Every structure is written in structure tokens, then in C-alpha cells.
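Peer 1: Protein chains in written order, with this note's numbering: chain A, 1 to 762; chain B, 1001 to 1157; chain C, 2001 to 2294.
None of these hints come from the bench; they were simulated from the model. Hints may contain errors.
To be verified - Restricting the straight-line Cα-Cα distance to at most 16 Å, the calculated cross-link-like pairs of lysine to aspartate or glutamate (EDC-like) are: (1) A:K309 / A:D333; (2) C:K2185 / A:D455; (3) A:K725 / A:D749; (4) A:K579 / A:D561; (5) C:K2002 / C:D2069; (6) B:K1014 / A:D285; (7) B:K1125 / C:D2035; (8) C:K2168 / C:E2183; (9) C:K2246 / C:D2221; (10) C:K2166 / A:E339; (11) A:K408 / A:D435; (12) B:K1069 / A:D435; (13) C:K2185 / A:D333; (14) C:K2166 / C:D2139; (15) B:K1152 / C:D2069; (16) C:K2168 / A:E57; (17) A:K84 / A:D106; (18) C:K2185 / A:D422; (19) C:K2097 / B:D1075; (20) C:K2185 / A:E57; (21) C:K2187 / A:D455; (22) C:K2097 / B:E1124; (23) C:K2107 / B:E1146.
Nothing here was measured: the structure is a model prediction, and the numbers come from that model.
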Amino acid sequence: MIGVFICHCGINIGGVVDIDGLVQKVENTTGDDVLVYQNLFVCSQAGQDLIKDKIEEEGLDRVVVASCSPKHHGAIFSKCVGEKMNPYLWEMVNIREQCSWVHRDDPEKATDKAYALIMGGIEKARKLQEIGKTSVPLTKDVLVIGGGIAGMHTSLELADKDFKVYLVEKKPNIGGNMVRLDRTFPTDDCSMCTISPKLNEVTNNPNITLFTCAEVEEVSGRPGEYKAKILKMPRYIDEEKCTGCGTCGTVCPMAILNDFDLNLAVRSAAYAPNSQAVPLKYSLDRDKCIQCGLCEVVCEADAIRYDQKEEVIEVTVGAIVLATGYEQYDLTDTEYHYEHPNVISGLELERLINSTGPTGGELKRPSDGKRPESVVFVQCAGSRDRRHMEYCSKICCMYATKNARLIKQEDPDIDVDVCYIDLRAAGRGYEEYYDAAREMGVNYIKGNVSDVIPDGDNLTVRLENTMLGEIQEINADLVVLSTALVPSEGTAKMTRSLGLVRKEDEFAAPFHMKIAPVDTANMGMFIAGTCESPKPIQECIVDASAVASRVSSFLKNDEMDIDLVTAFINPEICVHCGKCEENCVYGAITEGEDGAFVVSDISCHACGKCAANCITMAVDYRYYSDIQIEAQIDGILAADDDVIVAFCCDQCSYNAADLAGTAKKQYSPRIKIIHLPCSGRVSVNHIMYAFDKGAKGVMVAGCLKEQCHYIDGNYRAEENVEIAKKALSLMGIEAEKCEMFFMSSAMADKFVQSVTEMDVRC
Amino acid sequence: MKDTEFLEDTKITKCVQCGKCSASCPAGRNSRLLTRKIIMEAKSGMDVVGREELWLCTTCFLCFERCPKGVNTVDAIIELRNRAVMEGKFPEVHVGAIEGIYDTGSGLPLSPDGIRDRSMLGLEKEPEDIARNEEDFKNFQKLIKELGLLEKVGVER
Amino acid sequence: MKYAFFPGCIAKNVYPSIEKSTRMVFEKLKIDLVDYPYSCCPAPGVLGSYDQDTWLTLGARNISLSEADELGIVVICNGCYGTVHRVYDILDKDEEKKAMVNANLGKVGMDYKGTYRPIHFVDVMDSMKEEILKNKKSDLGLRVAIHYGCHYLRPKSDEATYNVEKPKVVEGIVELLGCESVEFKDKLSCCGAGGGVWSGAEELGIDILEEKVQNILDVGDVDCIVNICPFCHMHIDSTQKKSQFKADTVPTLHLNQLLGMAFGMKDKHLGLHTHRVSTRDVVKAVKKAGKEKK
């Protein structure tokens, strides 16, 4: 029994659509199983009571509400119907924003359209099924990958919220790049002083289990219950016994370039990255160790273990946080002559002016240890550059200013020039910090350096001083390149092994840059810090706090309920081609034991791409199923013979259409919109089905190209439209009668333009 | 010169005036030419075709390679030169070269010294080229005429 | 291997030693060269600056001559490369311009297809390193300053794999011949002849060259400048002899002349004595290195 409730919405619908006539027509053209009612405001208490009463009285098992947009009052009716039956057994038909408001000039056609839409809604309602829920247990432990400032702070906040955290760090020490820095802008506090408390807390916190010299090898499972394999590489020194005394390091005969000091200094094969390393434990670099045995002789703690093996530790966690950070771009073999010893990167300068660095904090240039009389900073080295990285690395203008100030403070006689395209000082206290730099005598030259030319130990920096319109060559004893920040090796590796969406520049992509900046498209996986994009320390802390909050919400209960509006795969039809798995950006589809593919309900975002592109149609959805979509098309096209079907996506184009309605823009009533979660839900079959049933044209409207809310649904839709066009041509129908359009929620004009275009073409 | 096609093809609107082009320029180091300035002026719709500096560029393409934003600097300069020619503004000395190409088929024609060297080296006295092929040469000259180059530079043939 | 041979005006008419060296070296490497009635490429700096349509049409005309014989062009000059290679790329991507060119060529019964991408002889040599080694009679023992010029490297096409700021192609070839390639300031900079500057802004062309030669002299003990372009060759060789040129002179050789010497060919046959800046010291140094080896 289907109950159809038609709303007047005062005169909003009633003033254009002939409601009485509509009720009559629906009654006359349907059987006894359809009951039709009308109300002035169905959303009102009276209207809602009407629905609930009729469900009881008449034993309704399906409900159709024809009123405003589901985006407006959908939630009200969902709740109302949900009190009496499964909340997925009702359908909302939009006859206001997408009918009465946009066809005011033609009440007769508006009424006809409302009729067709309602008939579509009825047919779809017939095919609706109960949607159940499922509960999945949630493990309260968390895996944090990367022990830099972002990873550590996330771990500490989570530990504080009583989560058990596994923190995995690749290097022998934690602290990431931040422990290499000297002072930090705009406060000029010593980096180590700021981070030291955190380093120690992390090692002492009972809720945090720290693995150093370790990497995450493999992650499997599902959100709420991820299984991770941690591979711990041997230090060849017993971590429990080592006291960090360093005697092994002093007797070790080897001299190896020290990665911590960015190869500006040497260390032994028995080493700790630096004197302040946390944990202060030594390691043996077995690649370079000659096994002379001296360290074993002198070690009072008897901690040397030449035969130590790697260990595999398996953990089960509910959520994973990626915080693997950045590294500096390599400018070897460029016009900057980075190969020259006195052309150094930003991080290298940090080591040279840091008191724990290779020169004890005295500014000495690498080639001859001479104190430079002139230092030139080259901004945008590798950033904002289509030959290297197109993006701005955000922090370089400030850290170059910081270092320029520090040098000037130490010795005002040193000439310091900063050569830039734009000086970006956007942040609290930044502009004032920059003002002070200029007052100190740091010379800012607005010109992008074209060449760094070696001249023995010295260098010549060439640029156009654009303010003067003069090409200049500046002599420099030391050149510091403000090198672009790029995703670290760990970031590149882990985004791939975790199946995270990457941006074009290979940084880890957030779910939504503005409103979900620390979530990812993968449920239960979060990102913090510079693995997402270049940012200053305070933003890493903010990310970490945000992630802790998000993880906490995600894992707040012991179980998570999910509505099964998700996809499912029929193993008997599945031909094991794996296309669905390829298409799924959420990693929700995996190969099952018998070869057929399986959807993880908890990971599925119900976008529709898998079903729309399955060649055997083995994949379908429980809500917005193929049968439901086809039924809706049937209903509309049986009721009206001059229809242009418009598949619109819930995130963007449907809203654009609603906005067109709110703005009272007028367009042809031939357009009948079918609401889908994502344009990617549209398959070639759906399009051909519509034409087969008599549609004069079919359009698919999705999000703007780079902004699909399901990442790439609109691209899949575009591909399917192209295929449909070819199929139509082969059938003798002009390909232009089928088209793909892109628009955002705000682009009401674009929506009207698109439907008008279709109206003309068809 | 707010010419949309010009702006689109040359991508001049992407310019951020960083000056890397000027600083990379071999002519810039040795003359008044500031590539950045020419681009800025063209972008602003100023009249650049009369500028003498336009003809100081050696079209070495280093600025184009180095431009971080991908502005088609050399294409812009060449297009501006083409327009300058249409307005009759170009270095007179090139006319001789153009006449030479029309009259002999070569940019630098064969001279007695050239003939002497060729013979001495055991090459054919006169190289295989268009000058020795009457029909090809006629067609070549016809093409040049049809395309209107001679009129543009005020040469009568 | 067989190519349509496009020597260019300077190698044919002004420095035929380069044409001769090329023919001798290619023969040694068993590469067949076929001649066609080519016109000037046309000179990109002048013709291109004056009228792009004329430049595209005349360039396409030249490329089309060997299409019927299924041959692609090999050039020995950056200037010619700057024309034929760019014309090819432009017409490959722009249907409208291709139609314009063919509309014009049609008037004289010709047609441009664009089947074979023109190749620069340096790329041919780079692919023949084994054969070069086989034919090498002795190491030359020279300290050379490589002058790439411009259009071989720039603009870099999408398929090219070299590093435009630090190319290694020519270095690889001269090292095979037992030469040492030196680094010098602004190594990849233009010689100053292109873009119509050689004729249209003579003083500037001289200044740019002077800067380059001085940079090379500052390195010290450089035997010669190795070039891959007759236009650069002409500018470097002849202009150093002009009264306005203020620096000391350095002799220059086209890469094919260097290859010829390494293959044991006589300097007189390669035409090294026709250069304005004397190559005598270079020839002497090579002879000495040849004797020392024995």
C-alpha cells in the first residue's frame, strides 16, 4: 500500500500546480494500492500526523511525499516515517524548487511535470526495500606513523584521552625535522627547548608504545579493526641495556656522513644521531661497520649485539594516523649549482647555526670554514615553479627571514640579502617580524634569482632587481637556497601502502581541504602535519589536536552502527576482474577468498562508481539500486512523452538545481531530475535505458572537475557519457542528445544554462 | 593590444613579474633589454611594437625554459615583431637578408670565396640546393610573393 | 641508416669545411645522406620574426621534399633545427596552421604531411657511440669548451629526456674521443647571433660573444670551442676577428670536424685551415697526443 502525500506549501506549490487536478489524475491512473492525500503544509505537525495516521489506518508500507526539496525538509519526513516503519521505505518528490518555482509561467506544464515526477516516485517507492544496520566492533588502540612533532603531539593527546597508542618512527630518534632546527619563527624560541618536553613525555607515557628504527610494512583489515605489521630493524645494540654513554662511538674507527646533520658532519658506525637524541640509544650502522669489535670491548653495559635480528610486531588498532612529514627537494644539476659546497639548503643552514651542529653554532661555510661576509638567501628555489614544484612551500619566506635576522643579530657586519618573488608573511606576528628584519638591515631584493654562479669558493648570484629594472650580480660567500618542501620518502611510501588518495604533488590528500582537513577518504585513517602539505609548527600542532579529536569521535563507542545503504557484490555473477576494486578510492572493495570481490560495509561511501562500471552488473546497491533507478525512469516516461532526464548528484548539481528554484529562475519543464548520491552512479545502461523508454535527451550533472565530493565520480560519469554517446551514434541518435555537465552547488546559472542547452539540442 | 588570442597563446597573464627572464637573458646583460618589462607592457596593453629593444632578443629561449609560470616569452616577442613589421617598424638591415633569400634561395648566399673553398675541399662547386633547380626556385619565389612578405618590407620584385 | 641531408646555408656557402667534415664522418659511420633542392630553412631569427606564416610554409616545404622517399631530415645546425623541428612540432599540434601551410603549398603543387620528425645530428651521434669508438684512431687529448648554442636544447620538447640546465650529451661524445670538457660561466648561454641580432644589432652580437669567449679564457688552457651549429661557428670564428672584438681569440671546431680528427682524417681534408681563427695549435696538439699514445 502506497500513500502519496501532496503538499501545497501554501501558494508556493499550490499557486502554480493544480493540486486538486493532480490528486485526481494520480488516483485515476493508479490502482487500489495507491492512496493520494493533500495538505496545505505536509511538514507541519498536522501534516506529519496525517502521514503517521494514514500509515496506521491504511496499513501503508511505502510513502511518497511530494513537496519541497529533500535537502530542505527531508530530515523531518525521515524521522516522521521512521517512527512507523523502516526510514528507507519512503521517497521524496521535489515539486517545489525543481517544479513550481521554476515553471511559474506555465502552470499547466508545471502540473504535468509534477504528475510525471510523482509517478516516478511511486514506481521507485514500489522497489524500495528495508535497509538494515550493522554493528562493527571498534578497537580502541591507535597507530601513529611518524614520530615528528605532528606524530608525537597526536600520540600525546590521544594518550591523554586514554587511548593506547603505537607510535612508529623510521629513524633511531624521534622529533623529525623539528629537532634539526635552531630557532623557530615568529617567537625565536629554540626549537629543541620547545620540543624537548614532548620528546621525553612520549618515551615516558604509559599509554604510548614507541617503536624506533621501525616501519609499518603492511596494513590490512577494516576501519575499527586494522591489523598492522610493524617491522623493527635491529640496532645491533640492546635498547634495554644501552645507557647512551657514547663510549662505543668514541672508539669506533669509522667516519660516515651524518644524515642528521644533512651530511655536513661525520659520525661513527656506532652512533646516536646527535647528542640530544631521544631516545638516547646507540645503533651500529652494519653497512659501514668493519666488525673490529672495539665497541663490544668497551661497552660497560654489555649492550652490543652483533647478531640481533629484525622483529615483526603485529598490532590491531581502530584508527591509523599518518604523520610522516616532509623532506627538502633536491636541486642538484639546476641553475642553482647546489653541488657547490657553499650553496646550501635551508635545513643545512639550520645545522650550521645550531649550537649542537657541526660548527658548534658558529656560522662557518662548508668549503673552508671561513666566516661568510655575505650571505644571500634565494627564495622559491624549486617552489612556484612549473619545472619543479608548482605550489608555494609556505614557510620559506618566514624561515629565511628568521635566519637572516639571526645572522644579523650575531654579526651586524655580515651582508644579508634575501632575493624573492613575493615575500609572504601571513600569520600572527609575521608582518611585524618581517618589519624588524628590515630594520636590522636585512636587504630584501625583489627579483627571482636566475643563476648561482660558482667562482672558486665564492659565488655570484644573478637576478633582475625588478624595482630598479636592473640586472645585478651579487657576490656571496654563502648562498642559502630556500628549497621546496616535498613529501618525505615515508609519506610517498605510506600513502601508497595505505591506499590514501594523493594530491598531484604526492602529498596526502585530506577528505575535504576546508571542512575536513585531517580526515582522509579512507574511514579510520587520518593525516597530520607536513605529510599533508608544507606548514609551520603551530599548524602541525593544530592538526595533531584535530586528529586526536577526530579519532576520539570515531572510536568513542565500543561499536559503530552503519546503515547498509552500501554496495554489495553478487559472487555468482562476479567474474573476478577487479575493476570495482580499482575504481574504489575508499579501499572498500577487496578480493575475497574464492576470488570474487567483496565490499566492506564500514568503508563503503555508497558513491555508486563500482556498480556503474561493473561489466557484468554484479555490483549493485541496496538504496539507489539499479531496479529503483529504472523504476523511477519508467514512472516518469510512462507519464510524459517529452522528457529530458537529468541525473543530478546529491552533493552539487542537485543543490544547484534547488538554488535555481530558490532564485526563481525559469527553464523548460521538459527537464525531469533524478536524484543520485553521485554522478558516478550513472552507468551507460541507465542512460540507454532512459532513451529506450522514450527520453528525448539525457544529461548527467556532476561536481566541478577537481571537486567531486567522492573524489573522481564525475570523471567516471564523464567516461560513461562518452561511451553512451558512441552507442547512441551507432543507433542513429545524435550524440549531442546525451551530455555531461560540471557545476558546483552554488552554480544555479550553470544549471539553468545546461538544461536550456539540452532543451535546444533535444 | 588587449588581444585575447595573443594573451591566451602566450600565457602572458600568468606572469608574476619575477624577473627571472630578464636575468637569464644574454642580451639583457649587454643592453637595455629587460624581458620582464616587455612582457609587462604587452600584458598591460601598452604599445610595445615601436620598441627597439624588441629586436635585441636572440630568441635563445632560456627565459622561456626558466619562466616558473610557463609564459611563452619568445613566442610573445616574435608575435610582437610580426606586428611591428606590419606597421613598418623593423631594422632596415634585415631587408637585405630577405631580398637575398628571395633572389638566391639562401640566407647567406654562395660567394667566390665559398666556391673556392668548396672546390678545394673536393665538394661540388655549387651545392645541391634550390638555386640549381629552376622549377623549384620559381615555386619558392611564388610562395614568398603569395605570402606577402616582400610587400611588408617594401621590396619590389 | 639513411637521412635526407639538410646542411643549411652556412655549411654549404660560407664554411663548406663543415659540410665536408659531415659527409666524411657520416660516410665513415655508414650513414647514407641524400641531397634535396633545399632553400634556406628559412632563418628563424629573420624570417620568423618578420612573418610566421611565411616561415612555417617555407619550413614545411623543405621538410616535405623527402617525404615521398620516406626519409626524415638530419640537420647539422641549431638554426636549421630551430626551424624544421619547431615547424614540425607546431604543425603537429595545430590543425589550423597545418591547413594554412598546405593551402599555400597547394598553390605550387606541394603538400606537407609531417611524417618524419627532423633529427639533430648530435642525437644521431649519441646513438652511435659504439661505432664512433670503433672508428676512433686515437684520443685527441684536447681540453674543450662545449658550446651547445640554443636551439638544440631549447625549447625542450615534451619527449626529450635531457636536463636542460645540465645536459650531458655532447660531453659524452667528446669524452669518447679522449677530450676533457671544461665547465665555464654561463656555459649554456647563446653565442649572440640568433634572432636576427647578428645582422640587426651587430654590436650586441659582438658583446655577447666577447662575454662568452672571456668566460672560456678565464678557465685557462682551453684548446678550442666545440660547437654543434654552423651559425654559432661562423659567429664565433669570424666575429672574433672583427675590430670591435676586444678579448683574445679561441679557435672553434664544429663537432663533425672534431669527430673527423678523431677518426684520423687529415685536417686539410676537414678544412680546418679555412677557419679565420687559426686552428694550427689545435691540430698540433692532436698530433702530439696521437704520438704520445704510441
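Peer 1: None of the hints should be skipped; say for each whether it holds.
Peer 2: Here's how the hints hold up against the structure:
no.: 1; hint: A:K309 / A:D333; result: 39 Å, violated
no.: 2; hint: C:K2185 / A:D455; result: 9 Å, holds
no.: 3; hint: A:K725 / A:D749; result: 25 Å, violated
no.: 4; hint: A:K579 / A:D561; result: 28 Å, violated
no.: 5; hint: C:K2002 / C:D2069; result: 11 Å, holds
no.: 6; hint: B:K1014 / A:D285; result: 50 Å, violated
no.: 7; hint: B:K1125 / C:D2035; result: 15 Å, holds
no.: 8; hint: C:K2168 / C:E2183; result: 12 Å, holds
no.: 9; hint: C:K2246 / C:D2221; result: 19 Å, violated
no.: 10; hint: C:K2166 / A:E339; result: 12 Å, holds
no.: 11; hint: A:K408 / A:D435; result: 14 Å, holds
no.: 12; hint: B:K1069 / A:D435; result: 29 Å, violated
no.: 13; hint: C:K2185 / A:D333; result: 15 Å, holds
no.: 14; hint: C:K2166 / C:D2139; result: 25 Å, violated
no.: 15; hint: B:K1152 / C:D2069; result: 36 Å, violated
no.: 16; hint: C:K2168 / A:E57; result: 87 Å, violated
no.: 17; hint: A:K84 / A:D106; result: 38 Å, violated
no.: 18; hint: C:K2185 / A:D422; result: 28 Å, violated
no.: 19; hint: C:K2097 / B:D1075; result: 15 Å, holds
no.: 20; hint: C:K2185 / A:E57; result: 93 Å, violated
no.: 21; hint: C:K2187 / A:D455; result: 14 Å, holds
no.: 22; hint: C:K2097 / B:E1124; result: 37 Å, violated
no.: 23; hint: C:K2107 / B:E1146; result: 9 Å, holds
Comparing the model with each earlier hint shows violations of hints 1, 3, 4, 6, 9, 12, 14, 15, 16, 17, 18, 20 and 22; every other hint is respected.
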